[in-house]
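Trainee: Residue numbers (the working numbering), protein chains in the order written: chain A, 395 to 849; chain B, 395 to 849.
I should point out that these hints are in silico values taken from the structure, not numbers from a laboratory. Small disclaimer: the values here were computed from a predicted structure and weren't measured. It cannot be assumed that every hint is accurate.
Since the list gives no way to pick one copy over another, a pair counts as held whenever it fits inside one copy or between any two copies.
Stated by the list, open to error - Within a straight-line C-alpha distance of at most 30 Å, the following computed DSSO-like cross-link-like pairs (lysine-lysine) qualify:
1. LYS632 to LYS737
2. LYS748 to LYS666
3. LYS530 to LYS833
4. LYS737 to LYS667
5. LYS632 to LYS399
6. LYS450 to LYS502
7. LYS806 to LYS748
8. LYS843 to LYS727
2 protein chains.
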Amino acid sequence: MEHLKDLLVNNKDQYLNELFDLLRIPSVSADKKFSADVLRAADFVAAQLSAAGADKVQLFQTPGYPVVYGEKLIDPSKPTILVYGHYDVQPADPYELWTSPPFEPVIKDEKIYARGSADDKGQMYMHIKAFELMMKTNSLPCNVKFMIEGEEEIGSQNLEWFVKGNTELLKSDVVLISDTSMISNEHPSITTGLRGLSYLEVEVTGPNRDLHSGVYGGAVANPINILCDMISSLHNDKREVNIPGFYDNVDAVSAEERAAMAQAPFSLDEYKKDLGMNDVLGEEGFTTLERVSIRPTLDVNGIWGGYIGAGAKTVLPSKAYAKISMRLVPNQKHEEITELFTKHFLSIAPPSVKVTVTPHHGGEAAVTPTDSHAYRSAARAIESTYGKLPIPLRTGGSIPIVTMFERVLDTKSVLLGFGLDSDAIHSPNEHYGVWNYFKGIETIPYFFKYFSEKE
Amino acid sequence: MEHLKDLLVNNKDQYLNELFDLLRIPSVSADKKFSADVLRAADFVAAQLSAAGADKVQLFQTPGYPVVYGEKLIDPSKPTILVYGHYDVQPADPYELWTSPPFEPVIKDEKIYARGSADDKGQMYMHIKAFELMMKTNSLPCNVKFMIEGEEEIGSQNLEWFVKGNTELLKSDVVLISDTSMISNEHPSITTGLRGLSYLEVEVTGPNRDLHSGVYGGAVANPINILCDMISSLHNDKREVNIPGFYDNVDAVSAEERAAMAQAPFSLDEYKKDLGMNDVLGEEGFTTLERVSIRPTLDVNGIWGGYIGAGAKTVLPSKAYAKISMRLVPNQKHEEITELFTKHFLSIAPPSVKVTVTPHHGGEAAVTPTDSHAYRSAARAIESTYGKLPIPLRTGGSIPIVTMFERVLDTKSVLLGFGLDSDAIHSPNEHYGVWNYFKGIETIPYFFKYFSEKE
Chain A
395 MEHLKDLLVN NKDQYLNELF DLLRIPSVSA DKKFSADVLR AADFVAAQLS AAGADKVQLF
455 QTPGYPVVYG EKLIDPSKPT ILVYGHYDVQ PADPYELWTS PPFEPVIKDE KIYARGSADD
515 KGQMYMHIKA FELMMKTNSL PCNVKFMIEG EEEIGSQNLE WFVKGNTELL KSDVVLISDT
575 SMISNEHPSI TTGLRGLSYL EVEVTGPNRD LHSGVYGGAV ANPINILCDM ISSLHNDKRE
635 VNIPGFYDNV DAVSAEERAA MAQAPFSLDE YKKDLGMNDV LGEEGFTTLE RVSIRPTLDV
695 NGIWGGYIGA GAKTVLPSKA YAKISMRLVP NQKHEEITEL FTKHFLSIAP PSVKVTVTPH
755 HGGEAAVTPT DSHAYRSAAR AIESTYGKLP IPLRTGGSIP IVTMFERVLD TKSVLLGFGL
815 DSDAIHSPNE HYGVWNYFKG IETIPYFFKY FSEKE
Chain B
395 MEHLKDLLVN NKDQYLNELF DLLRIPSVSA DKKFSADVLR AADFVAAQLS AAGADKVQLF
455 QTPGYPVVYG EKLIDPSKPT ILVYGHYDVQ PADPYELWTS PPFEPVIKDE KIYARGSADD
515 KGQMYMHIKA FELMMKTNSL PCNVKFMIEG EEEIGSQNLE WFVKGNTELL KSDVVLISDT
575 SMISNEHPSI TTGLRGLSYL EVEVTGPNRD LHSGVYGGAV ANPINILCDM ISSLHNDKRE
635 VNIPGFYDNV DAVSAEERAA MAQAPFSLDE YKKDLGMNDV LGEEGFTTLE RVSIRPTLDV
695 NGIWGGYIGA GAKTVLPSKA YAKISMRLVP NQKHEEITEL FTKHFLSIAP PSVKVTVTPH
755 HGGEAAVTPT DSHAYRSAAR AIESTYGKLP IPLRTGGSIP IVTMFERVLD TKSVLLGFGL
815 DSDAIHSPNE HYGVWNYFKG IETIPYFFKY FSEKE
């Protein structure tokens with residue numbers, strides 16, 4: 395592996411420049427006005443895959459954005475690794491909170507600042523470069539397939555459709571995904587659990603037009619006030635989610651597992667200090683780490699209604715809106731939760747308003763095994779480059795496709811992520827450590843090596 | 395008065411065209427980007443006042459937008475009427491809900507559609523035209539002064555300062571204001587009571603930056619959820635405002651007065667139908683007409699936070715905001731209510747968030763007498779042109795300057811408004827009946843006539 399590392403060291407500038415080119419493409423899948431850019435990002439990934447040495451590189455069209463596919467099959471008797479990643483990114487607004495423009499990557503304090511630097515362009519692109527290094531050093535030890543999609547940030551709307559139609563093409567022994575984070579560079583960890591998601595949008599209509607709050611105020615249901623009432627009622631005093639049936643299928647985590655979790659290095663004081671908060675807030679009876687991993691939640695991701703410009707306007711608006719999402723844990727089916735939410739939310743609407751609920755997207759929670767050859771290979775790879783074994787950790791984010799791969803392809807995933815929680819993914823000033831980028835490129839070939847070896 | 399009416403009939407097109415020129419000026423006082431337009435509207439009003447025959451027309455500079463003044467003093471032994479109006483308008487957004495652009499006036503179904511058509515350019519301009527008619531027909535029966543301001547929609551921030559500095563100039567026997575509405579064209583009414591206002595903006599801060607709702611959701615106070623909790627708690631189950639001390643000074647209205655109010659023609663079914671609502675909502679124990687007139691209220695006029703673009707973004711935002719206003723009734727001091735709100739709102743913030751409250755503006759409630767010569771003159775004027783006596787009515791809107799005129803100038807006001815509640819003032823598609831515009835111009839000289847006569 396030394397030869398490979400030498401080559402990596404000699405190519406660092408180029409590997410950064412290529413990633414920067416990709417980061418400059420504003421491939422925001424959530425907003426149609428960026429659709430040409432999303433397609434441009436797909437083309438870029440395909441071209442780089444080919445250049446790295448992949449065969450059969452092509453864009454598979456879907457009802458939405460295309461899936462980039464490529465492969466290198468060296469020996470049918472060897473195992474096959476399916477690398478998954480995504481080339482789309484979250485919206486970058488609010489733009490004014492970025493210290494540098496989100497689609498003009500720059501390095502500051504040894505971190506790459508750009509939308510998608512960590513989630514997931516930076517982490518996905520490590521795999522293309524690691525593959526190139528193995529090709530150039532003649533050290534690719536097994537078969538590899540790449541499936542890079544463009545709709546992860548909008549719920550992978552068409553990926554299941556694509557996977558179902560191409561089960562033979564995608565046949566593999568493990569799905570390898572770098573789209574998660576570690577505790578810290580000093581405390582490497584592997585994500586073994588991910589929460590599911592149900593994301594909805596609600597609309598509350600009071601009067602059929604905006605009204606003067608003086609002439610009508612007091613007699614007419616104000617949809618903002620009503621929406622606040624309804625949202626407020628979704629938690630009880632213990633900050634439990636107050637939707638009938640919401641917790642019915644939640645897996646109770648054993649005292650042993652909770653005790654093991656409590657061993658993870660974590661400082662509540664540092665957590666609060668990092669976030670500038672006097673206190674945390676969450677479900678009674680659970681620690682902060684438990685609240686973000688083994689417990690389901692409900693958060694409002696956006697709210698708007700009435701006059702939100704400068705100054706004052708005495709309007710009693712016709713409509714108010716909110717985007718609401720729930721993070722789910724294993725055994726909570728996202729379709730069921732979406733239905734429970736919808737039914738409950740409609741049922742609590744007073745007769746003076748009209749309410750609609752529109753599901754956006756959802757995904758199941760996932761727990762990945764730690765007693766598998768794939769997990770052990772990943773742990774050994776990290777040990778080889780970080781100098782210590784990683785901690786297995788259930789975390790809060792969602793990658794709904796992990797359960798889908800298991801269901802449709804009957805293939806388990808390994809979540810070999812190199813980001814940090816502090817990377818500000820989905821936020822202004824997203825960044826990714828230059829160190830992490832190269833550490834990922836260095837670590838991935840070890841995973842290929844160990845996974846190809848007989849146990 | 396027949397000669398005057400003939401002249402009016404012959405000049406209708408011109409009177410409409412002039413008003414349209416004024417309506418084309420987007421004089422939005424709440425938004426600094428329109429400041430040149432606001433000044434342009436002031437110049438326009440001054441020029442028209444001069445053209446109509448007023449003397450000493452000038453713009454009085456203030457720390458904000460200027461006050462347009464003009465006068466015609468014919469005889470110191472005659473009474474003096476001080477006409478008040480405003481040339482600024484509410485913001486026009488959301489623009490997309492207008493069926494025609496807000497600053498391109500058009501007549502549809504015999505109504506003038508434009509921002510400010512009813513509030514207050516259309517109603518204010520009636521006075522300039524009525525004055526011109528009296529001048530041209532040599533029938534001005536008393537002295538008249540005009541004071542047209544440009545900051546009514548932002549709380550008349552500098553009017554008191556101006557009035558205090560010019561008490562001698564503004565000395566008069568009555569203030570005449572057309573900035574209110576009637577029950578209907580078939581049921582003319584005169585506003586005798588107006589609610590006060592306290593308008594504030596609140597900001598709730600959770601974490602110091604936007605976060606990924608999967609990674610942090612469940613452990614960190616979401617400022618939108620907290621803001622909803624706080625807003626929701628501002629009403630109790632009876633839809634009473636839940637702020638300690640809020641009702642302490644509210645005048646109890648006598649059973650007799652409530653019985654008289656109940657005689658006003660009002661159909662709850664038509665009200666609900668007009669607003670497209672299945673039900674009204676308001677304070678327990680009061681009728682709809684009472685809720686919008688003799689009772690104080692609290693409404694959210696705007697709310698925003700998190701991701702409000704297209705699609706989905708799983709953000710846990712750093713901040714959430716709301717604009718909140720309270721309509722007040724006589725004896726509730728707006729400064730006291732602003733203080734009560736601020737103190738209470740800060741007190742209910744959980745330790746996991748930081749909250750700030752910023753007052754926007756406020757004004758006192760007012761009740762105008764019905765047993766005065768001025769009121770009786772207004773009632774007779776309406777009887778002369780509408781064919782029936784008007785109903786005295788307390789309504790929900792606020793014109794804080796009415797109490798200020800009484801306090802500073804010791805002069806009572808008459809609220810001779812010609813609009814309708816359905817004019818959609820402060821809303822998209824504001825309009826003003828062509829019939830109402832000309833009926834106002836016709837009625838005002840009758841008020842001048844009757845008010846100048848000895849009783």
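Trainee: Decide, hint by hint, whether the structure agrees.
Mentor: Structure-based check of all given hints:
| no. | hint | verdict |
| --- | --- | --- |
| 1 | LYS632 to LYS737 | both (22 Å within a copy, 25 Å between copies) |
| 2 | LYS748 to LYS666 | between (40 Å within a copy, 13 Å between copies) |
| 3 | LYS530 to LYS833 | within (18 Å within a copy, 89 Å between copies) |
| 4 | LYS737 to LYS667 | between (39 Å within a copy, 27 Å between copies) |
| 5 | LYS632 to LYS399 | neither (52 Å within a copy, 71 Å between copies) |
| 6 | LYS450 to LYS502 | neither (38 Å within a copy, 64 Å between copies) |
| 7 | LYS806 to LYS748 | neither (44 Å within a copy, 44 Å between copies) |
| 8 | LYS843 to LYS727 | neither (36 Å within a copy, 77 Å between copies) |
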